[in-house]
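Undergrad: Listed here are the chains, written in short residue letters.
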Amino acid sequence: MIEAVRLQKHYGRTKAVDDLSFTVQPGRVTGFLGPNGAGKSTTMRMILGLDTPTGGDVRIDGKHYAQLKQPLRKVGALLDAKWVHPNRSARSHLKWLAVSNKIPVSRVNEVLEVVGLTEVAHKNAGGFSLGMAQRLGIAGALLGDPEVLLFDEPVNGLDPEGILWIRQFMHRLASEGRTVFVSSHLLSEMAQTAQDLIVIGKGQLIAQTSTEQFIADATQDTVRVRSPHAAKLREILAAHATVTDDSVSGSLVVHGIPAQQIGELAAENQIVLHELSPQRGSLEEAFMQLTKESVEYHAH
Amino acid sequence: MTLLAVERIKLFSTRSPYWCSALAIVLGVGLTAIIAAASEEQVSLGLTQIGSAQLAIAVVLVMAAIAVTTEYRFGTIRSTFLAVPNRTSALVAKTVVVAFIAGVLGEIIAFGSVGIAKLLSSNSDLSINTAAEWRHVAGVGIVYAIGAIIAVAVGILVRQTAGAVSILLVWQMAAEGLIGFIPKVGIKIQAWLPFTNATHFLTMGADSPEQGGAGIDFKLSQWGSLAYFAGIAIAMLVVALVVAKRRDA
Chain R
311 MIEAVRLQKH
321 YGRTKAVDDL
331 SFTVQPGRVT
341 GFLGPNGAGK
351 STTMRMILGL
361 DTPTGGDVRI
371 DGKHYAQLKQ
381 PLRKVGALLD
391 AKWVHPNRSA
401 RSHLKWLAVS
411 NKIPVSRVNE
421 VLEVVGLTEV
431 AHKNAGGFSL
441 GMAQRLGIAG
451 ALLGDPEVLL
461 FDEPVNGLDP
471 EGILWIRQFM
481 HRLASEGRTV
491 FVSSHLLSEM
501 AQTAQDLIVI
511 GKGQLIAQTS
521 TEQFIADATQ
531 DTVRVRSPHA
541 AKLREILAAH
551 ATVTDDSVSG
561 SLVVHGIPAQ
571 QIGELAAENQ
581 IVLHELSPQR
591 GSLEEAFMQL
601 TKESVEYHAH
Chain X
1424 MTLLAVERIK
1434 LFSTRSPYWC
1444 SALAIVLGVG
1454 LTAIIAAASE
1464 EQVSLGLTQI
1474 GSAQLAIAVV
1484 LVMAAIAVTT
1494 EYRFGTIRST
1504 FLAVPNRTSA
1514 LVAKTVVVAF
1524 IAGVLGEIIA
1534 FGSVGIAKLL
1544 SSNSDLSINT
1554 AAEWRHVAGV
1564 GIVYAIGAII
1574 AVAVGILVRQ
1584 TAGAVSILLV
1594 WQMAAEGLIG
1604 FIPKVGIKIQ
1614 AWLPFTNATH
1624 FLTMGADSPE
1634 QGGAGIDFKL
1644 SQWGSLAYFA
1654 GIAIAMLVVA
1664 LVVAKRRDA
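Protein chains in written order, with this note's numbering: chain R, 311 to 610; chain X, 1424 to 1672.
If you're looking for bench data, these hints aren't it; they were derived computationally from the structure.
Careful: at least some of the hints might be erroneous.
Here are the simulated lysine to any residue pairs, SDA-like style, with alpha carbons at most 20 Å apart [to be verified]: (1) K392/R - G1498/X; (2) K433/R - F1497/X; (3) K512/R - K392/R; (4) K392/R - D1671/X; (5) K392/R - A1555/X; (6) K1668/X - T362/R; (7) K392/R - S1436/X; (8) K325/R - I516/R; (9) K1541/X - V1519/X; (10) K373/R - V1515/X; (11) K412/R - K1668/X; (12) K379/R - Q1645/X; (13) K325/R - A577/R.
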C-alpha cells in the first residue's frame, strides 16, 4: 500500500503538489489521473525518494522509499524510459540494476524474455524506438519481481500496438496480485486500465474513487428523443429537465431525467416516440468538466 | 563491494572510459616518445614525466568528470538512486572505482613513459633508484587518483559535462599557473593551490628545472603537499555528497 499524507512540493511560489493525501490499495490497478502539469510526476518522484517533499509524508507499506533494503525487490518503477545510457546495451543496463539489489543475473534474461527484447538485448539502448525503450524500462521495473509497480505515463507517444501491449501488461500484473500505480492524462486510457482512480489537478486532490463510480458521477446522462410531435413533447419535458434541439437530426437532447421517465411522460400525454435512446457523455468531456478549473495553461 | 561491482559494470559497459584511457596513454607516453626520439642528448627521468604529469592528467580528469556528468545527462543517476537510495554510498562507490582506474592509468602512463624513453634513447640513464625518483614516477598514479576525486566532485556539483570539463581544464591547465603572474602575492597563493601542490609532490628537486612549481615558496614538505592535495579533494567530495543528498535528483 502506498500512503500519502498531506504531501507538498513547492518550487519557490509554485505549488506543484499541494496538500495531497491518498492511498493506493494493494492488488489493484490504480490510475493517477490529471492534466499535464498537475503534479503527477512530482508526486511519483516523491514516492520514490528522488525528490524531497516540502511538507507531508509518503510511505510504501509504512516505510519511506529510502528505508527499503534492496528497493527494487519491493518497488519497480518506470518514470522515464529515456533514463538509460544510449551507449550501453539493454542487457548491461539490466545487469547493473540486478547486481545493485543482489538479484540473480539470470533474472535479466527472464525479464528480457517477458518484454520481448531478447533478440536486441546486446544492442545499445540509444538505438531503441520509444516502444522498445518503454519495454526496457518495464523490464527494469520487473527485475526484482516487486509487489508494487509505478508507471508514469507509460503509453505516452506509443503506437496503438504498444498501447495495447502495455494495457494488457498492466492487467496481467494486477491479476498476479501486484499493486500497480499508473499515471495518465487520458481518462479513456485509465477507464480501460484502472480499477481505482486518484484524480488531481494543480497539485490538489480532486477525487479518489473507483473508476466506475467516477465515470458514473462525471458523465451526466443525456437522452436522445425523436418524435413527430417534437414541439409538444418539448413543452412537457421542459418542466422536468433541460431540453435542447439537435438541429442536425431533428431530435431533442434531454438532460436531467432518465429515459424511463421520458417514456412515461410521453405515454401519459399520448405522444408517439420514434426514438428514445440514452447517451453516455464522453469520458473526455467529463474529465475536462472536472479538471477545467485546474488546468494550468489554457488555449484561447 | 556490491556497489563497487555496480559502478564497475556501469563504467565498463560504455565506450568512453576505453577511449579516454587510450587517449591518455597515447598522449602521455606519446609525448615522451617524441621527446626521446628527437633529443640527441641524454633524456633525464624528469623529462619522461612531462607527458604524464602535465598532459595526460587532463584527459584522466575529463574521464572522471564524464563518468558522473553522463549519469546526470542521461538520467541514469535517477535509476541509480532508485536502485540504491543511499546516495552517499552510491556516489562514494563511483568515486572509488573511478579513482582506482585513474590511479592504475597513471602508473601505466608513468612507467610506460620511462620504458619508451629507455627504448628510444638507450644511452640515457633512466634507472629508478632513489626515493625521489620513485616518488617522481610512481607518484603519478597517486596524483591521478586524487585528481579523479576532485573531478568526480566537480561533476556531481555541476552536473553537466561542458561545465565540469571547462572548470577542470581551466583550473588544472591554466588558472593555477597564471596566478603566479600576479606580482608579489602570486607565488604565495600558488603555494596553497591544490594542483600546484600535486606537482610539488612529484618534483625531484632543484636538479630538474623542467618541472613545474619552480620558484614557488612551498610551506609544506613534498608528502605534506600530497596530503594537502588529498585533503582538498576529500573536502570537495564531502561538499558534493552533501549537496547531492539534499538536492532533488
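Undergrad: Taken at face value, is the distance from the CA of Q1645/X to the CA of K379/R at most 20 Å?
TA: Violated - the C-alpha atoms of Q1645/X and K379/R are around 45 Å apart, more than 20 Å.
Undergrad: Can you confirm whether the C-alpha distance between K412/R and K1668/X stays at or below 20 Å?
TA: At roughly 23 Å apart (the allowed maximum being 20 Å), K1668/X and K412/R break the hint.
Undergrad: CA of K373/R to CA of V1515/X, is that 20 Å or under?
TA: 25 Å, violated
Undergrad: Hinted pair, alpha-carbon criterion (20 Å max): K325/R, A577/R. Please report holds or violated.
TA: 56 Å, violated
Undergrad: Take a quick look at whether K1541/X and V1519/X sit within 20 Å of each other, Cα to Cα.
TA: 33 Å, violated
Undergrad: Do the alpha carbons of K433/R and F1497/X lie within 20 Å of each other, as the hint requires?
TA: Given that 20 Å is the threshold and the Cα spacing comes to 17 Å, the pair holds.
Undergrad: Is K1668/X close enough to T362/R, meaning Cα to Cα at most 20 Å?
TA: 10 Å, holds
Undergrad: Between the alpha carbons of K325/R and I516/R, is the straight-line distance 20 Å or under?
TA: 15 Å, holds
Undergrad: Has the given pair, K392/R with D1671/X, been kept, meaning a C-alpha gap of at most 20 Å?
TA: Since the Cα atoms of K392/R and D1671/X sit roughly 18 Å apart, the hinted pair holds (cutoff 20 Å).
Undergrad: CA of K392/R to CA of A1555/X, is that 20 Å or under?
TA: 51 Å, violated
Undergrad: For the pair supplied as a hint, K512/R and K392/R, confirm whether the alpha-carbon distance does not exceed 20 Å.
TA: 26 Å, violated
Undergrad: When you check the alpha-carbon spacing of K392/R and S1436/X, does it fall within 20 Å?
TA: 17 Å, holds
When the structure is compared with the earlier hints, violations turn up for hints 3, 5, 9, 10, 11, 12, 13 and for no others.
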